[in-house]
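Colleague: In case you want the letters, here they are:
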Amino acid sequence: MTEPIIYELSAPGRRAVSLPVLDVAPSDLPPTMLLRDGLDLPEVSELDLVRHYVHLSQLNHGVDVGFYPLGSCTMKYSPKVNEDASRLSGFAATHPYQPEESVQGNLRLMYELQEFLKSLSGFDGVSLQPAAGAQGELTGVLMMRAYHQSRGDARRNVLLIPDSAHGTNPASTTMAGFEMVELKSDARGNVALDDLAAHLSDRIAGMMLTNPNTLGLFDQNLLQVTRLVHEAGGLMYGDGANFNALMGVVKPAELGFDLMHFNLHKTFSTPHGGGGPGSGPVGATVALDEFLPGPIVVSETTLLDAVTGERLPEDAVDGEQDMGVEGLWYRLWMPRRSIGRVKSFYGHFGVCVKAYTYIRMLGAAGLTDVSRMAVLNANYLQAILKEAYPLPYDRVCMHEFVLEGRVEGAPDVRALDICKRLIDFGIHPPTNYFPLIVPEALMIEPTETESKQTLDHFAETMIRIAQEARENPQLLHDAPVNAPVRRLDEVRAARRLVLRWEG
Amino acid sequence: MGYLPHTEDELRAMLRRIGVEHADDLLLASVPRAYAFPEIDLPEPVSEMEIMTELREMSEANTDLQRVPCFLGAGAYHHFVPSVVDHVLGRSEFYTAYTPYQPEMSQGTLQAIFEYQSMICALTGMEVSNASHYDGATAMAEAVIMAISVWRGRRRKVVMSPTIHPEYRETVRTYTQGMDIAIIGDYSLGNDIPALVDMVDGDTACLIVQNPDFLGRILDLSGLAERVHAHKALLVVACDPISLGMLKPPGDYDADIALGEGQPLGNAISYGGPYIGFFTCKKRYVRRMAGRLVGQTVDAEGKRGFVLTLATREQHIRRERATSNICTNQALNALAAAVYLAAMGKSGLAQVARLCYHKAHYAANAIALLDGYDVDLAVPFFREFVVRCPIPVADLNQDLYESYGILGGYDLGQVYPELEDHMLISVTEMNTRQEIDELVEALEGIVR
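Residue numbers (the numbering used here), protein chains in the order written: chain A, 5 to 507; chain B, 27 to 474.
Just chain A, with the same shape it has in the complex (with noise of 0.2 Å):
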């Protein structure tokens, strides 16, 4: 099952739009030397670039479609509303140079959704610009080097990120003129405190710790490790990928974190839009609030006019502050010591809007609950699924945790066969090959929204699969037969690059 590339349906004169005529006198056109020649973009009627389109996403799993275990990326269930909330022409039809009386909606919005990130975090300022996990990383690491400069300890330039950590981590790192420093794991899959010990120094800028770690682990030295950071002169900077495991369990901040930031496509299920948009919030204590980049909203009491709501010139005479109520006023502004602005504009508003949307529906207990459950479904797998395949670090989980894809009699069978048997059955495969320290990584991760069925027959499925390892390892090693395409040959890829449709 293929579908044609757009331009193979391409044919000269077809044309899918309609455009209005022009309505004024035509000037004359710039000299032909700034004119381009020809475009070659494709020609197709309406009808043929729907049923493209339509090919092309059944060629797609999603969440909507079906289970998708992708461990460390939440791929929670999005409620539709959400997609309802940001398509409402009077926030997905304003332009972000709109003076702000008329965005007064927007600016209270981005407000608010500032002030429940802080609420679940216990962070004193949060930024929306960044746009997406790998940027607030970035965000994270510019703050630590402006706030170790603005006290004239500009040679901390050190950070220290553990060997299960994301890649990002250290590639944002490298991005911000920083060296990193691995730290090692220990038998239970926290952060080994003697290693971290032996890399404290006065160059230490700080750390990046993801908690729970990719292992799905609350890591039991954290207290102790934040405390030697901080001891050290270092900043904890959180990586908030796993904070669907925490809401209302515990406030990063009051764990020692001195920023953190959020993913509003994982856990505010704004969702993933097939790897983008993300968005990736940053908050920070009183101690960092004000390099955050920005602009950011801030709000103030001001006399607004009592039927129309707008604002009331501040020199206004007695007689028309009676006719004036108290109000709040947003506008946006810029911390007075930011790192800059990491994007244009403010941040991904339409995303923005889906995660308020969320936290509105679901309010503290609500978002507590989805933790609770979220872990509650990870431990539920983990306990099924430890009998049938290894589970090296084995405790109590949070949100998601980690198997060794390998199966017992069956030697030449990896964690790659597994997922892409997995594949046949109609299920997206976990994360695979990380964390690094665990050989042959799956890393699963069910979320708060499946079902005890759909659990079930995941476990069942699994459970199969390794016996088809024992029994039929060739099912395995010739999988997926089931999918639109069979394995593809990805070295060649890489070596006969094919970037874009070449006729």
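Everything labelled a hint here was simulated from the structure, so no lab data went into it.
Even for Gly, the Cβ is constructed at its ideal location relative to N, Cα and C.
Hints may contain errors.
Just a few of them, taken from the derived set where beta-carbon distance is under 8 Å, the chain A residues facing chain B [to be verified]: (1) Ala20; (2) Gly137; (3) Leu197; (4) Ala201; (5) Gly344; (6) Arg345; (7) Ile363; (8) His481; (9) Pro484; (10) Val502.
Please build the complex by placing chain B on the supplied structure of chain A, with the hints as guidance.
Modeller: Okay, now just chain B, sitting in the frame of chain A:
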């Protein structure tokens, strides 16, 4: 309401299977008790019906572009989006998927991105396009980092035009603040292209210009690449995708990297985001390029298929040695851009470009005739132009909005001290002749 499916019976069965009594036992097994279950200050939850009422009220506290004529551009543009775009985006097989790590289950996303890359190459005249960056500003920051990386850090100077979008220039500076590089050229509007080229030397990694520039002017960049390449520096061009419906693309004047804000291609203006940064380069630099890249290959049976490729450039493999930390692209926004480009096609995009061009010129000609206003009609421009106003732009805009219900142009004095009292007006195919006439009358009326 947490979209949580378990019944009481199921919950009990699951807890029994795990071997604990309460779900909270699982949390308290890991979390320090002293900090567990803190007070969370959030408003009381509401139902779906109530949240939509609340959101509708909030959104209606805004003045949106469907209600008033808008002449703001400056990096975010109000263009027509055919219905077909949003209907394709609404396919949840696309928007509830993630990065296509498992290609056999993600051929839809992968092929859509491959087609996006193909159409962006056609549009820009460049050899290679990646799967996109967060927006135009971050695409530019990635271009600077890439140029530095092409020179393996040996060249640490970047020459940047002052008529690049001010927020892009700011973003470049934010991204590179820890990299020990010098960014020069953009401190004065007096630095035109010849002056900038004179700054390029043997320490320069790249020259960056924007075309049409932030002031809307179409620049003649022929011969520029040759002069930049004479110093072995890279030419980076930020361009507007709608303008490429009629203007010479950067590939034709030998740019090494071309990038830009893809929002005008089928993406909602959405108060500044999410948008999409398109990013292209010459094939010889592809291994230095950041971001996801989709390549064509074959499956075990020889059938055509698509995969993420050249992953060895990326952070999840190279970790601290990666060029960039970027992890995702803007897949859904790239899909919007691809559907838009396919829907517009060869003739449609050219038509949109010409509608913008002629309407902008109609507006500029009319404003130029007004007493007190000045427009330089001698420079070629695309859909934006600069108007010198007789009163401060902030006052003018306030009057336009309050008395005439018009969203006026961008106040250039905010970012260019030299351009105090200058307004940047944007006109697209969305502005009817009547709206333009109303703007002209209002401008006249305000100073009368």
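Colleague: Tell me the hint numbers this structure goes against, listed in increasing order.
Modeller: 3, 4 and 8
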